[in-house]
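Engineer: So the mapping is simple: this note's numbering equals the position in the sequence shown, first residue as 1, plus 1.
Among the hints, erroneous ones may be present.
The list that follows gives simulated cross-link-like pairs (lysine to aspartate or glutamate, EDC-like), each with its CA atoms no further than 16 angstroms apart [what the hints assert, rightly or not]:
no. : residue 1 : residue 2
1   : 160       : 179
2   : 128       : 92
3   : 160       : 148
4   : 113       : 155
5   : 215       : 176
6   : 113       : 184
7   : 215       : 205
8   : 8         : 248
9   : 113       : 179
10  : 128       : 179
11  : 8         : 74
These are computed hints drawn from the structure, not numbers from a lab.
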Amino acid sequence: MASDNDKITFVLVHGSWHDGSSWRFVEQHLHAAGHATLAPTLPGRGDSASVAITFQDCVDCVVDAVKAAGLSDIVLVGHSAGGSVVRKAAEMLADRIRRLVYISPLLAGNGKPVLAAVPPDYGALFKQMAEASPDNTVFPPWPVWRDGFIGDADEATAKAAFDELCPEPFGPIVEPIDLTSFETLQIPTSYINPTEDVVFPIGEWGFFPRMYHKVAPCRLVQIPGSHEVMYSNPEALAGALVVAGRD
2 MASDNDKITF VLVHGSWHDG SSWRFVEQHL HAAGHATLAP TLPGRGDSAS
52 VAITFQDCVD CVVDAVKAAG LSDIVLVGHS AGGSVVRKAA EMLADRIRRL
102 VYISPLLAGN GKPVLAAVPP DYGALFKQMA EASPDNTVFP PWPVWRDGFI
152 GDADEATAKA AFDELCPEPF GPIVEPIDLT SFETLQIPTS YINPTEDVVF
202 PIGEWGFFPR MYHKVAPCRL VQIPGSHEVM YSNPEALAGA LVVAGRD
C-alpha cells in the first residue's frame, strides 16, 4: 500500500474504440496499491458516435474532467490515440501535471492529424471504412483485433474486450493538431512499451521505437503485453504505471 507521500493520482485517457471503462481492471490494481484514478470517457463513443465530434471536444473532455474533480499533481496517461489527446490537454493543464505517460501512443508532428502517425496503407483503409459507414466511423474487424491488437490474451478475454468496443468517430483523427504551445512545455515524461504490440508491422512503422523517439529522452518502461495490455495483463500495466509515474 502506497504511503501518502507515494500516492499517485492517475488520469487515464483511453484510445480508439474504447471508453473510460476499459481501464477498470488496471484501476482495481492501482486502487489496491493505494493510488487514485480518473478515467473519463471521450465524447463520440457509443450512442453519440455519429455526432460531429471534434478533436478539441476530446481535449476539452479531459481538461474539464480534471478541473471538475479538483485534481492537481496528476500523472496524465494517454494510450494509443489518447496520446495525442493528452499532449493537447497538457497545454491547459500544465500546472496540474506531475508527469506525462504514454502507452503505445499515436503521435503526429505539429500541424498534422493523428492519422498521419499510422502507416499509409492503414490510413487509406481507415478512410475507406469511414466513407463506407453510415456515420463516418471506423471499427476493427474481429480477425484484426484478435491477432493484431490482443494476441497475447486467451480467446474469451479477447472476445469480451471486442464486445465492449464502440465505433470510432473519424473526424477527430483527421484534424490537424497545433502543438506549438505544447512544444514549449517542460513536463517530465515516461513511455510504456508493451513488447508484443504488433498493431503496426514491426520495423519502420512499428510503435516502438518510432513513437518513443518522438518523446525521448524520457523514462522507458517495458512490459510484456499487446496493444490491449489493459485487458490482457492489467496487473503488469498497473505496476508499470507506478514505475512510470513516480518521481
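Engineer: Given the hint that residue 8 pairs with residue 74, does the C-alpha gap stay at or below 16 angstroms?
Structural biologist: Given pair residue 8, residue 74 holds - Cα atoms ~10 angstroms apart, limit 16 angstroms.
Engineer: Holds or violated: residue 113 and residue 155, Cα atoms, limit 16 angstroms.
Structural biologist: Not satisfied, since the Cα-Cα distance of roughly 37 angstroms exceeds 16 angstroms.
Engineer: Holds or violated: residue 128 with residue 92, Cα cutoff 16 angstroms?
Structural biologist: Not OK: residue 128 and residue 92 at ~29 angstroms, beyond 16 angstroms, violated.
Engineer: When you check the alpha-carbon spacing of residue 160 and residue 179, does it fall within 16 angstroms?
Structural biologist: Roughly 37 angstroms separates the two Cα atoms, so the pair is violated.
Engineer: Check whether the Cα positions of residue 113 and residue 184 lie no farther apart than 16 angstroms.
Structural biologist: holds, 14 angstroms
Engineer: Below or equal to 16 angstroms on CA atoms is what counts here, so check residue 215 against residue 176.
Structural biologist: It is violated: about 19 angstroms lies between the C-alpha atoms, which goes past 16 angstroms.
Engineer: Would the pair residue 160 and residue 148 pass a check requiring their Cα atoms to be no farther apart than 16 angstroms?
Structural biologist: Distance of about 11 angstroms is within 16 angstroms: holds.
Engineer: Straight-line Cα separation of residue 128 and residue 179 no greater than 16 angstroms?
Structural biologist: violated, 22 angstroms
Engineer: For residue 113 and residue 179, compute the direct alpha-carbon distance and say whether it is at most 16 angstroms.
Structural biologist: holds, 8 angstroms
Engineer: Quick one, are residue 215 and residue 205 close enough, alpha carbons at most 16 angstroms?
Structural biologist: With a Cα-Cα distance of about 14 angstroms, the restraint between residue 215 and residue 205 holds, given a limit of 16 angstroms.
Engineer: Need the status of pair residue 8, residue 248: alpha-carbon distance at most 16 angstroms?
Structural biologist: Roughly 11 angstroms separates the two Cα atoms, so the pair holds.
The structure fails to meet hints 1, 2, 4, 5, 10 from the earlier list, while all remaining hints are met.
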